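Taken in sequence, the protein lines are chains A and B.
Position 176, counted from 1, in the first sequence is what my numbering calls 302; the numbers after and before it change by one each time, with no gaps.
Position 301, counted from 1, in the second sequence is what my numbering calls 376; the numbers after and before it change by one each time, with no gaps.
Think of the hints as simulated: they come from the structure by calculation, not from any bench.
Given the structure is predicted, the values throughout are model-derived calculations rather than measurements.
The C-beta atom is built at its ideal place from N, Cα and C for all residues, glycine as well.
Heads up, a few of these hints could be off.
[As the list claims (entries may be wrong)] Below, a sample of chain B positions facing chain A; criterion: calculated Cβ distance under 7 angstroms: (1) Leu166; (2) Leu171; (3) Ile176; (4) Ala187; (5) Glu216; (6) Tyr259; (7) Gly263; (8) Pro369; (9) Val380; (10) Tyr381; (11) Thr382.
[To be verified] Pulled a few chain A residues facing chain B out of the computed Cβ check, cut under 7 angstroms: (12) Ala195; (13) Gln230; (14) Lys241; (15) Pro274; (16) Val442.
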Amino acid sequence: MTATEAAVRELTYTGAFNEAMFQLMREDEDIFVAGEDVGKQGGVFGSFSGLHAEFGDMRAVDTPIAEQAIVGLGIGAAVAGLRPVVDLMFMDFIMVAMDQIANQAAKLKYMFGGKAELPLTITTNGGAGLSAAAQHSQSLEAMLCHVPGLKVVMPSSPYDLKGLLVSCVRENNPTILVKNKLMFGVSGPVPEELYEIPLGVGNVVREGDDVTIVAYSRMVSESMKAADKLAEEGINCEIVDPRTVQPLDTDIIVTSAKKTNRVVVVHEAVRFGGLGAEIAAQVQEEAFDYLDAPVARVAAPFSPIPFSPGLEGHYVPNAKRIADGIRETLGRPAPGA
Amino acid sequence: MLRIRLFEEAAGKLFEGNKMPGFLHLYVGQEAVASGVCVAMRDDDQVSSTHRGHGHLVAKGGDLSKMMAELMGKADGYCNGKGGSMHICDLDLNMLGANGIVGGGTPIAVGAGFANKYKGNDTVSVAFFGDGSTNIGAFHEAINMAAALKLPVLFICENNEYGEYTPRHKVMAINDVVDRAAGYGIPGVIVDGMDAIAVHEAALEGLARARAGDGPTFIECKTYRYYNHHGVQTLGMKYRTDEEVEEWKKKDCIEAFEKRVTEAGIISAEELAAVRAEVEAEVAAAVEFGENSPMPDPSTLLTDVYTEMV
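Here chain A stands alone, though its shape is the one from the complex (with noise of 0.2 angstroms):
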């Protein structure tokens, strides 16, 4: 195969995350992961399809129904000089190890003074539009990225979600990657090599120069399919994917809303306390003199998520909201209007 074939082979991004796994786990023998179901089962979504067959009881271990105990059980294990991989299956299930996440996790290192090191990367599966209804759909990153200490990733491709996991894993930090449920089998180009997206640098996904839109997992896609139709009116839209959560690119954010002078942040989460705000808030601070409109945000609204797909629909943003609030950011009348 020549480099160009391997350039543009394609995989999922359940494909992307498994690759990355085998070869992270052939690779360093530390490395082990722990969850619900990750055993023989191989996950319920296939993230840890095989790892079971090849690696065993010990490297791929099925745990009771417990999170407190499947984090800290990573923790412990961090600190006792592995790199443990952790699942936790659906977002929503970080609330019950809250404690062992926010109050362990997060603070070993600065309450030891500096002496723990811990390698902890924790996996999870966020984002609606399954009908799996108000325990099973949300987008809680806002409450992670409120606690110094974690670190926060929410890939958006499955180029980006092996890079980022393989630099998860890799990190020294308690970390977690928060894979979307509907993106799990789509396609794109993935190297057959392990390789590394540094942690808290962002990507330019598309670029334009009438609004900046800054948007991560899922919600990338949605915006392109936004963008391509708006292209259709005349706008042109920088899209900008952070990519990692916590620690923010505030840097490429800032470059883009100077150069666009609008921006519009789009997430799944609820708006109110969302990441929408505190970029909103970043970017009034570093480029108020630029903007020519206010910061928006097109983010779902303040309730918890509905099951059925006739309320769904209306919940989680799509193209066609984005699209809405960008015209409206921009001032401009929506098509036939």
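Fit chain B to the known structure of chain A by using the hints.
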């Protein structure tokens, strides 16, 4: 035991003199537990501790000077003044930290136990926790996981009969905490937590079992704290009687141990006095070290939040 007792008494005096910021949860009364267990342990065995954790670090071989400086919030403390009493630790001694969250340390001890099994060594991880801890979810999750995965972990319950200011019997419908061990499918034993030798013997058995790959053991040590949950008051509490305190003090672990070893002719009263003098000097030096250590430089406020990746 004596090192813990004298260290804690000195810390209490500094606290009374407003030289010690924050919360102080003294271990006095329970020394036989930390000492009995830690003397049975190897240096490579790990310990997770509690908010009443000074005793565990002293028993694991902690440096009293660095401990005292940390309790005083000084730059030369174990955690450079960032942790204090509730987060004191020495990872080089495999003491994985005191913990401000009741039940928070036990899952971490189980994780360390998993790492031991993973590495295929015969190191054992020891979780110290109180009776109150056994009512919290994280504790159940962790001990069940350790039992299910047959991990080399020793669970040491320090039942001092009070969860903060509430008697144990008001929040637990069993008389012996160890009854819970059966529910996890692991052996459980009760020992007199005021008898260092009894604790030691039980710990040796539990450690040997774990080292042999036979999984966790639960040891309930019946003990008592002389001081209040927090601070240096002993008598006149709303939640316990002075008579009860006096009864427990009659069983004092240090007096009992000294009586036993002198009567058995193992050590003379003079030798014991010499040991006491030596420890008193060590504690006095620790206090002096703590008092002379500077406050942390404000420039360190934001260091050690993350490990810099290069």
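Now the hints, each set against the structure:
The beta carbon of B/Leu166 is positioned within 7 angstroms of a beta carbon in chain A (closest approach about 5 angstroms), and the interface hint is therefore held. The restraint placing B/Leu171 at the interface with chain A holds, with a minimum CB-CB distance near 6 angstroms, inside the 7 angstroms limit. For B/Ile176, the interface hint holds, the least distance from its beta-carbon to any beta-carbon of chain A being 5 angstroms, beneath 7 angstroms. Interface restraint check: B/Ala187 against chain A, minimum CB-CB distance 4 angstroms, threshold 7 angstroms, status holds.
With a cut of 7 angstroms, the hint placing B/Glu216 at the interface with chain A holds, because the nearest CB-to-CB distance is about 4 angstroms. Given the 7 angstroms rule on beta carbons, the hint for B/Tyr259 is violated: about 11 angstroms separates it from the nearest Cβ of chain A. With its C-beta approaching chain A no nearer than about 19 angstroms, B/Gly263 sits outside the 7 angstroms limit, and its interface hint is violated. Evaluation of the B/Pro369 hint against chain A yields a violated restraint, the C-beta minimum of about 15 angstroms exceeding 7 angstroms.
A least Cβ separation of about 5 angstroms between B/Val380 and chain A falls short of the 7 angstroms threshold, and the interface hint therefore holds. Here the hint on B/Tyr381 is kept, as its CB sits about 5 angstroms from the closest CB of chain A, short of 7 angstroms. At a threshold of 7 angstroms, the smallest CB-CB gap from B/Thr382 to chain A is about 4 angstroms, leaving the interface hint in force. Because the closest C-beta pair between A/Ala195 and chain B is about 4 angstroms apart, less than 7 angstroms, the hint holds.
Using the Cβ-Cβ criterion of 7 angstroms, the hint placing A/Gln230 at the interface with chain B is satisfied: the shortest such distance is roughly 6 angstroms. Interface restraint check for A/Lys241: the shortest CB-CB distance to chain B comes to about 5 angstroms, inside 7 angstroms, so the restraint holds. Annotation: interface hint on A/Pro274 holds; nearest CB of chain B at approximately 5 angstroms, less than 7 angstroms. The restraint placing A/Val442 at the interface with chain B is violated, with a minimum CB-CB distance near 32 angstroms, outside the 7 angstroms limit.
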